[in-house]
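Enquirer: Chain by chain, the residues run as shown.
Number of protein chains: 2
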Amino acid sequence: MFQHVALIGVGLIGSSLSHAMHRANLAARITACARSEATRATVRRLELADEVFEHVGDAVRGADLVILCTPVGTFGGLAAEIAPHLEKGAILTDAGSVKTAVIRDIGPHLPEHVHLVPGHPIAGTEFSGPESGFAELFDGRWTILTPLPDADEAAVEKLKAFWEACGSMVEIMTPEHHDLVLAVTSHVPHLIAYNIVGTVSDLERVTEKEVIKFSASGFRDFTRIAASDPTMWRDIFMNNKEAVLEILGRFTEDLAALQKAIRWGDGDALFDLFTQTRAIRRGIIDAGQETPAPDFGRKIPRGIAGQK
Amino acid sequence: MFQHVALIGVGLIGSSLSHAMHRANLAARITACARSEATRATVRRLELADEVFEHVGDAVRGADLVILCTPVGTFGGLAAEIAPHLEKGAILTDAGSVKTAVIRDIGPHLPEHVHLVPGHPIAGTEFSGPESGFAELFDGRWTILTPLPDADEAAVEKLKAFWEACGSMVEIMTPEHHDLVLAVTSHVPHLIAYNIVGTVSDLERVTEKEVIKFSASGFRDFTRIAASDPTMWRDIFMNNKEAVLEILGRFTEDLAALQKAIRWGDGDALFDLFTQTRAIRRGIIDAGQETPAPDFGRKIPRGIAGQK
Chain S
1 MFQHVALIGV GLIGSSLSHA MHRANLAARI TACARSEATR ATVRRLELAD EVFEHVGDAV
61 RGADLVILCT PVGTFGGLAA EIAPHLEKGA ILTDAGSVKT AVIRDIGPHL PEHVHLVPGH
121 PIAGTEFSGP ESGFAELFDG RWTILTPLPD ADEAAVEKLK AFWEACGSMV EIMTPEHHDL
181 VLAVTSHVPH LIAYNIVGTV SDLERVTEKE VIKFSASGFR DFTRIAASDP TMWRDIFMNN
241 KEAVLEILGR FTEDLAALQK AIRWGDGDAL FDLFTQTRAI RRGIIDAGQE TPAPDFGRKI
301 PRGIAGQK
Chain W
309 MFQHVALIGV GLIGSSLSHA MHRANLAARI TACARSEATR ATVRRLELAD EVFEHVGDAV
369 RGADLVILCT PVGTFGGLAA EIAPHLEKGA ILTDAGSVKT AVIRDIGPHL PEHVHLVPGH
429 PIAGTEFSGP ESGFAELFDG RWTILTPLPD ADEAAVEKLK AFWEACGSMV EIMTPEHHDL
489 VLAVTSHVPH LIAYNIVGTV SDLERVTEKE VIKFSASGFR DFTRIAASDP TMWRDIFMNN
549 KEAVLEILGR FTEDLAALQK AIRWGDGDAL FDLFTQTRAI RRGIIDAGQE TPAPDFGRKI
609 PRGIAGQK
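If you read the sequences in order, they're chains S and W. Under our numbering, residues 1 to 308 are what the first sequence spells out, in order. Under our numbering, residues 309 to 616 are what the second sequence spells out, in order.
For the record, the hints were derived by calculation from the structure and aren't laboratory data. Some clues are possibly wrong.
What the hints assert, rightly or not - For lysine-lysine, the following DSSO-like pairs were computed, each having C-alpha atoms within a straight-line distance of at most 27 Å: (1) W:Lys568 <-> S:Lys260; (2) S:Lys260 <-> S:Lys209; (3) S:Lys241 <-> W:Lys517.
Said to hold, decoys possible - Pairwise CB distance ranges (calculated): (4) S:Glu242 <-> W:Asp447: 44 to 50 Å; (5) S:Ala165 <-> W:Ala346: 48 to 54 Å; (6) S:His22 <-> W:Gly573: 36 to 42 Å; (7) W:Ile480 <-> S:His22: 52 to 58 Å; (8) S:Ala28 <-> W:Asp447: 47 to 53 Å.
If you're wondering where the values come from, they're calculated on a predicted model, not measured in any experiment. Note that CB positions come from ideal geometry on N, CA and C, so glycine has one too.
Kindly produce the complete structure, drawing on both the sequences and the hints.
Expert: Quick look at the structure:
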């Protein structure tokens with residue numbers, strides 16, 4: 001599909017893209033860029049790229065598809081660095097979790113002869129690094145593309161076909177709407193998870209040992225997403241401020257109402273909310289974005305007849 | 309171990325206890341009580357008890373161990389109803405998620421010749437009903453017992469041995485400390501999860517369809533615990549007000565600080581918190597209360613070399 005794909009950054013997403021491209025034979029040649037020698041050695045050992053470079057300019061030279069897979073805070077500097085080395089007609093895309101800031105940071109450096117089509121695969125685990133990737137990461141998940149109004153249609157179509165060949169489904173929307181949707185489905189949930197794990201680790205009257213021992217009762221579910229990559233998430237919050245603060249405002253407003261219901265013993269208000277939230281879960285399972293297996297991955301017994 | 313165990317309520321916990329008792333041969337006879345004819349029919353079909361009754365007095369007659377497995381809001385009424393029918397020397401326990409309120413509600417009805425030893429198995433799934441139980445639910449999990457200072461030592465030891473035979477590890481603490489620990493590890497996390505799922509389903513500019521589609525990015529993890537039984541959870545919040553409101557106060561305080569860090573672009577504060585929370589996750593996995601498998605239960609690929 002492409003002659004030469006350059007992966008800038010080889011973490012969970014970069015390494016998974018390499019595996020997915022190999023699986024479907026999507027690139028005649030793959031180059032990669034990694035700043036640390038340790039990562040470059042791992043890339044060579046796992047054969048994630050045909051050649052791996054320290055300097056990003058070397059990695060993109062000759063590529064017809066360049067994918068930025070580093071934390072979004074690095075994109076401005078990277079764009080300035082690669083701009084002189086980009087091929088005429090190349091497609092430049094990324095896997096960043098915010099999109100308006102990406103366009104803001106990359107746009108000014110972009111040569112006219114390069115097609116920018118920002119993208120975001122909605123897939124991940126709480127693991128990072130070049131060894132954490134796997135070919136199936138994008139299977140059955142959504143990738144959002146946020147081309148600007150004047151984007152080259154052929155480039156958008158080709159990138160869409162690329163993600164589909166990696167196993168993903170593709171949706172196209174504006175960068176602004178992307179950032180709001182992701183603030184809702186991802187950024188604020190992560191912030192809440194980080195926050196509660198932080199609160200809990202700071203208590204005097206409950207020890208960390210007790211928290212860990214009895215975590216199966218609910219807390220555990222939060223720690224998984226609160227174990228995600230710190231640099232990546234810092235950059236996300238720094239670059240999607242407005243949408244995150246808007247949704248967070250809604251969240252705290254609703255939480256204050258719940259707090260009041262508890263204080264005043266309004267059981268009906270609680271019951272109504274708790275009933276409503278079950279339906280959302282059902283929708284997610286029906287849409288194939290989750291499995292209904294109880295207590296997933298944790299000593300699952302065979303043949304359970306689970307019921308809602 | 310026991311001649312006759314009476315299960316009051318046959319939901320997830322009651323039915324799992326039945327399976328666990330059968331597995332380890334812990335009761336010569338099991339009786340159960342269920343208010344609805346549909347549940348009683350299921351109990352008979354799955355052979356969860358030797359006999360199942362509509363009226364709780366019938367179920368406890370002759371039992372040397374009685375376990376309340378209904379939502380905690382029902383305990384006061386149940387205690388009044390069963391008191392005249394309890395055998396001399398019987399142990400009365402429960403599986404409720406709050407403990408001071410349970411002692412408050414049951415205590416006044418208790419005949420002198422019965423041993424009350426409140427308990428709480430820290431195990432569960434988001435499923436409910438008599439078909440959702442399985443024998444392995446308590447394996448490797450903790451059960452907390454909160455006997456009063458004047459409790460009969462032999463009764464406490466016997467109940468401890470019972471839970472261990474059901475696969476559980478047992479910890480003993482005061483009811484007050486239990487309620488604080490559980491507010492931290494369970495009640496507030498559930499409240500937060502219910503709240504964010506509620507907030508998200510109420511937005512105008514992001515459709516429910518979008519939320520469901522892109523839920524794999526973080527939101528999904530919250531919906532699992534927000535799908536738990538509404539009645540049970542209403543009763544928990546109504547009966548552990550003080551500890552929940554205390555921990556919730558800490559949480560909102562911390563969240564306000566995070567909100568400010570985002571508004572003012574203080575990336576270092578975010579990075580520090582996000583790094584600290586990873587360590588807690590590690591502790592939970594090391595303690596065997598979680599598996600390190602990435603993205604558990606959801607199309608797990610084989611042979612991933614996950615890295616933190």
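Enquirer: Which numbered hints turn out to be false for this structure?
Expert: Of the numbered hints, just 2 does not hold.
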